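Here is how the chains run, residue by residue.
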Amino acid sequence: MSAGLPFIVHLDADAFFVSVELALRPELRGKKVAVGGRERGIIASASYEARACGVYTPMPTVRALAVCPDLILLPHVGKYGEVSRQMFDLCETLTPWVQRNSIDEGYLDLKPCGLKSTAEIEAVVRGLQARIWDALQIPVSMGIATNKLVAQIASKLRKPRGFVVVAPGDEAAFLAPLDIGKLPGVGTKTEAALQARGLRTVGDVLALNDREAEAVFGRDWRGMQALARGEDDRPVETEHEDAKSYSQQETFATDIAAFAEIERVAKRMIDDLLPKIREDGKRARTLTVKVRYGDFTQESAGRSLPEASDLEMPFYPLVTPLLRQAWTQRRPLRLVSVKFSGIEAGPRQLDLFSEDAEKRRKLAAVLDKLNGRGAVVKHGHQLDGKG
Amino acid sequence: MKFKINRDHFSNGLAQVLNVVGSKATMPILSNVLIEAEKDYISLTTTNLDLGIRCKIKAEVKEGGSVTLPVKRLATIVRELPNVDVSFDATPNHQVKLTSGGSTFRIMGIGKEEFPPLPEFGDDKSFTLEQAELTSMLKSVSYAQSSDETRYILNGVYFNFRDGKLSLVATDGRRLALISKELEVPADSAGSIILPAKTVSELTRMLDKGEKLKIAFNDRRASFQISTDKDSSGLVDSIYLYSKVVEGNYPNYQQVIPKETHQRIKLERELFLQCVHRAALVTSEKSNSVKIKLTSNLLEITAQSPDFGEAHESMAIAYSGPDLQVAFNPAFVLDPLKALTKDEIFFELKDEVSPGVFKTLESFICVIMPVRLS
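Protein chains in written order, with my numbering: chain A, 521 to 907; chain E, 641 to 1014.
Mixed in with the good hints there might be a few duds.
[To be verified] Residues from chain E shown here face chain A by an in silico Cβ test under 10 Å; the list is partial:
no., residue
1, 701
2, 815
3, 892
4, 1001
5, 1003
Simulated from the structure, these hints should not be mistaken for lab results.
Just so we're clear, the structure is a prediction, and the values are computed from it rather than from any experiment.
In this text, a Cβ means the ideal position worked out from N, Cα and C, and glycines have one as well.
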């Protein structure tokens, strides 16, 4: 009986980065506000007032200021990670089953709460919405349904401060009138293509017969129809999934053409990322370098070590060849990024001929500790040049 | 070319050379065996350009000559022929007629002209060894070779003729096996080679045919002349094996062999082998280690994998040192135990990050690096 209740909640913070900043500067509430880098950056988050003027994310700041000249641009100041953690901690006072999807949205499963009716569920979720506002001044939208798919679509429907409940059994009817683009996996391009074939709403998908559906969606047409009916059995996963990669990127104030400078930036990113990998007790095998030109076209190149490592040394020699391989056009770069993947953990087979590596590992541990205490010990390659 | 031959002798000869074929795409003739008939024998030769093998089989040669035929198919056909008497008849346009009992096969061959010649057995540094002894030495170390192609220097067994002994070494960078035997090494014959893994495996396969073998080598090549005096399946003279060597400097293995002994235990090889083998049954690819724990007169072996379960084995031993615990990849422990034949072996340990060392009373050493947990 109770299994039929809408136990799944999708919580989606409204304009999270802006909301965090506004909590620090409440006088700006109701104004056209955005968070983003000024000179060459992009808009990370925009208030709903700014969105009404045509500001969206991610949008280059320059363009945002062009469409909305009175936009108030705030630098990144707030402690987003900290606020996010507090927000989800509040969720966990309600139920232990909380899936933190990203910094500003996640799922709650209320099954363990002993709630007996949809009305009770609504009451506790409204209470949570209010508590998050009271404690953190972060507005959130809630979608409540029997599964993650429908809850997620519901939470995004009436932002900001949305509160949408989809009663059990009403999933298909709820989705039917919505734009087909609301379905996960249907992006703007797909949406346009589907519209061209006369499919505008989610309901239109179910109106097709099998042969038509197969013609439009190909082999996976049954999956698409299940989506359109609002069927989804993915569980709320409480375990934090282990990081599958570690990455960092940097957008330059002005495009950089000098190879040596880019190389130094990439190596510095390696120096930033490996202490995190070591802190997590992990090792990485693959290094990928990505470059982006002024016109946003980008290229990347990656290479794997024979064995995963948590030391900088084996990765340094890869930087130059990877940069050469990725940076094929003789144009200055707007952005460079570095990604470690092929993450491994657990027991490590020691090597016979690598006494050096063991010494380096000890040294790295000492440096990580020092740097963690506020000292700044850097590798030599970060010192030359203007840094 | 025309000869008569015993089916089983022919089959035995083809089996010797069968494994050495080249890539068909680049040079089709490398999939063929060169058959040459002269006097009272035929010689069979295959090569993949890195390694070549030649053996001789007695035959009743009526007309000398040569031809090449696809070796795998030929070997299969010869093995299946109905009668022990086989006659082989090649026309000048390289068509071969094979007759045995009521069976006749006509096989398209290729002329000898395209077949790459094997290098001559030159005046290099050379040594004569006992086949049985080299077999056992190779078996003691060859499991430790690396198969990681990025460490090609380690893809073979290192032969070091120096200081009055022959040492064989193999390592994959995590474990190292070394065995030596006394051997008279004249000063101008001292030298070393890295014999490629493929050659090692072919050589090991052939070393039961006779008493002695002769090894000759220079910086680029090694050759083996393996006598077949104990063979009774038609092989005559010797089997010849010509191989390229792995070019480069072998790592300084002496530096990774621990100079001091910390804790030493004597083990019954077979018993220890069985215990580790059983414990390893619960390991998985993700948690591939067995923990070895020493306490007063007790050796415990434990292993576990989170998604399956755990195993615990214990053995009474003579031990009075400090308690210690160290984890290893089970294969690193099992491989030397399986390769050795002695009933008793010594195992030396220090702590959880130092190598474990297997020794026997002969000059055998196997150093294995631990797995560091946490």
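Here's how the hints hold up against the structure:
For residue 701(E), the interface hint is violated, since its Cβ never comes within 10 Å of a Cβ in chain A; the closest pair sits about 53 Å apart. Checking residue 815(E) against chain A: minimum C-beta separation of about 7 Å stays under 10 Å; hint holds. With 10 Å as the threshold, the beta carbon of residue 892(E) comes within range of chain A, its nearest partner Cβ sitting at about 9 Å, so the hint holds. For residue 1001(E), the suggested interface contact is broken, since its CB lies about 24 Å from the closest CB of chain A, more than 10 Å.
Among the interface hints, the one on residue 1003(E) is violated; its C-beta lies about 19 Å from the nearest C-beta in chain A, farther than the 10 Å criterion.
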